[in-house]
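Number of protein chains: 2
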Amino acid sequence: MADPAKCPPLTRASVVAAHSLVKPYIHYTPVLTNTTLTTLASTPQSVSALEGTPWAGQEPAKPKIRLWFKCENLQKVGAFKVRGAFHALTRLVAEEGWEEQGGRERGVVTHSSGNHAQALALAARTMGIPATIVMPRISTPSKIAATQSYGARVVFSGSTSTEREAVVADVIKETGARLVPPYDHPDIILGQGTLGLEMQTQVEEMIASGQGQAGEKTKKGKGLDAIIAPCGGGGMLSGTALSCEGTGISVFGAEPEFQGADDCKRGLAAGKRIESVSTLTIADGLRTPVGAYPWTIIHDRKLVRAMYSVTEEQIKAALRLVLERMKMVVEPSSVVGLATALYNEDFRRLVEQEGGEQGWDLGIVFSGGNISIEALGKMFEPAEKKA
Amino acid sequence: MADPAKCPPLTRASVVAAHSLVKPYIHYTPVLTNTTLTTLASTPQSVSALEGTPWAGQEPAKPKIRLWFKCENLQKVGAFKVRGAFHALTRLVAEEGWEEQGGRERGVVTHSSGNHAQALALAARTMGIPATIVMPRISTPSKIAATQSYGARVVFSGSTSTEREAVVADVIKETGARLVPPYDHPDIILGQGTLGLEMQTQVEEMIASGQGQAGEKTKKGKGLDAIIAPCGGGGMLSGTALSCEGTGISVFGAEPEFQGADDCKRGLAAGKRIESVSTLTIADGLRTPVGAYPWTIIHDRKLVRAMYSVTEEQIKAALRLVLERMKMVVEPSSVVGLATALYNEDFRRLVEQEGGEQGWDLGIVFSGGNISIEALGKMFEPAEKKA
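For the record, the sequence lines run as chains P and A.
Per numbering that gives the first Met the number 0, the first sequence starts with residue 0, numbered consecutively.
Per numbering that gives the first Met the number 0, the second sequence starts with residue 0, numbered consecutively.
There could be a bad hint or two in this list.
Intra- or inter-copy, both count: the list cannot distinguish identical chains.
What the hints assert, rightly or not - List time: in silico DSSO-like cross-link candidates among lysine-lysine, alpha-carbon distance up to 30 Å:
id: 1; residue 1: K377; residue 2: K315
id: 2; residue 1: K271; residue 2: K221
id: 3; residue 1: K377; residue 2: K271
id: 4; residue 1: K142; residue 2: K22
id: 5; residue 1: K221; residue 2: K22
id: 6; residue 1: K63; residue 2: K301
id: 7; residue 1: K271; residue 2: K61
Don't read these hints as lab results, they were simulated from the structure.
Model the full structure from these sequences, guided by the hints.
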């Protein structure tokens, strides 16, 4: 992957340039609305729902929120990760001397058990570059098979990041492959940010044409007031923040709070990035700590206004609503933003205060939809059935 | 409900008239495409996949099928049933003397534990008519709550049709309410058929504008070659058939075969309608035998070209594909048409022979999406975990 020093600057203009590179390879995913969920977001929580929460005894906030869902679960390989992967590889192919010096034959490598594995495999196959994906031996067979089905070579490792990185180092030594990290690189950040650009245009167009929010008064000719996006390694959140720089659109991040998965929120509070996290939150795409490059955008440049966290139960409740009412399949990581909009009184109070009578048009990023029926079933299994 | 003798004739023109009545009340649901599923439908099954089926040892068919999905899972109340319910009630309200003779106060009644219950409840509330829904005592609490949430009065009965009809008779005696049956009535059939009209227009528009089948050559300026729809009571299938009369579009029906749920197919073979069925197929919307009015359209007028049936395993396999690959939540009844297109060699051979090189543009009706996460999880639970 390109030397970060030679990457485009981390600006909105670079996200626009990234979009023109990746657009031919990715789906222009739809932005959807849902009356039931918008109504629910605009209805105050009950006093009893706040019992046992940090907001117990407070008057529930009365925000007016119109939700716009960017459906990256309908993206190629079922997640936004193809944006960064295609951007990294189109930039790599254009790199001076790379082809001439045998870069293509040496290929690319990454370690991932999740969506980045399939995204890089697909992008590499599309661009005719051999890819090696290092996956923990304990990865689910369906994910291994999916990665292989895109033509990648899968090499197994232990589960800790030390073990995974050691195997990556071996692969690089053996093949000379270039590492394409999942989030902590400017090219990846700029690629993921392209979803923010699309969202801005799509919502503006939908509001202008009167589409999408049946029975709701939307401000004529305007667009989003804010976007809330999930934060794991922070590549997509920080890219989205770049895509909104200078537009007046506020960007917020959402994390699970389980077992300290809210490292970015805690890091912001402490003024220092938290570099390691060990959590088994059901939002399995968000178990990683925020990376160094994303941190410079989120913290140093203050392009993310605030971070919020939600409980496992709130994630499950939001997931149920999306599946049963919106009829969309998303993975748990996708709904932390929606859960914040529905259940986090700090966020809801902010919308009430800033949005007032007119309310906010709030963009929600559904980051991916890769979950098996079995995993879904298990997540909602009655407690007494769990071993 | 209107005396059937006074209903509009069962023709395409009457479906068009029904559409103008119901359009203001319903969602114009999208038609979606999916590259993975279209590719799968256009790929011959493996020889080994046919082992143990009626087609064992045969050369697998090589049809070329482009799939177009009419998403009634995104319809109000999550199913096509609102079309018939709104049509029946708009016609009732317009009936001479109904209002003057106190018809509105007397209200409407039906018995249903499924989507028709919620559909009638919503339509009645929208039109300001009191509704009583007779539901079996053993109905799931969420379905009872959903029906009540639309403002209907729920009255409980036993589970057999005799017990349910007895309670309906009591309600009618007590209140003078008008019965709105779930499928066996011309007004219901004409209402359900409106989805067929929309599908025809939508696919024509999508083909004309080059949308929807990425990488696929579609015949320029044309539309659907055929539609395949689920058949339970047959109201929607026969209405869809009416909507296609004279258009040259073939209409097919699909049923589960489990425990004789394929009554319409068997009835056609025997030349006589089968009037009772007792099946516990997972496609729970398709457990009823085909009704007398639908039968006149399907059998007597031959407006449905053929019926096909699929196994429980084929239904589950198709359901998994829609959930995991298309990222859409549908109920099992929705996918019998897709399962036919993917797995039934009689149907696939027909498409190969009639469609040839050019193939068919095939409309698939996703009839509804009302299923809980728990029910989905249970359906795909490993066998050893089931009690």
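Structure-based check of each hint:
1. K377 to K315: both (12 Å within a copy, 17 Å between copies)
2. K271 to K221: neither (36 Å within a copy, 61 Å between copies)
3. K377 to K271: This pair counts as neither: shortest intra-copy Cα distance 37 Å, inter-copy 45 Å.
4. K142 to K22: Within one copy, since 26 Å is at most 30 Å while 44 Å is not.
5. K221 to K22: Classified as both: same-chain Cα gap 25 Å, cross-chain 29 Å, threshold 30 Å.
6. K63 to K301: Cα proximity of K63 and K301: one copy only (26 Å, versus 54 Å across).
7. K271 to K61: neither (33 Å within a copy, 61 Å between copies)
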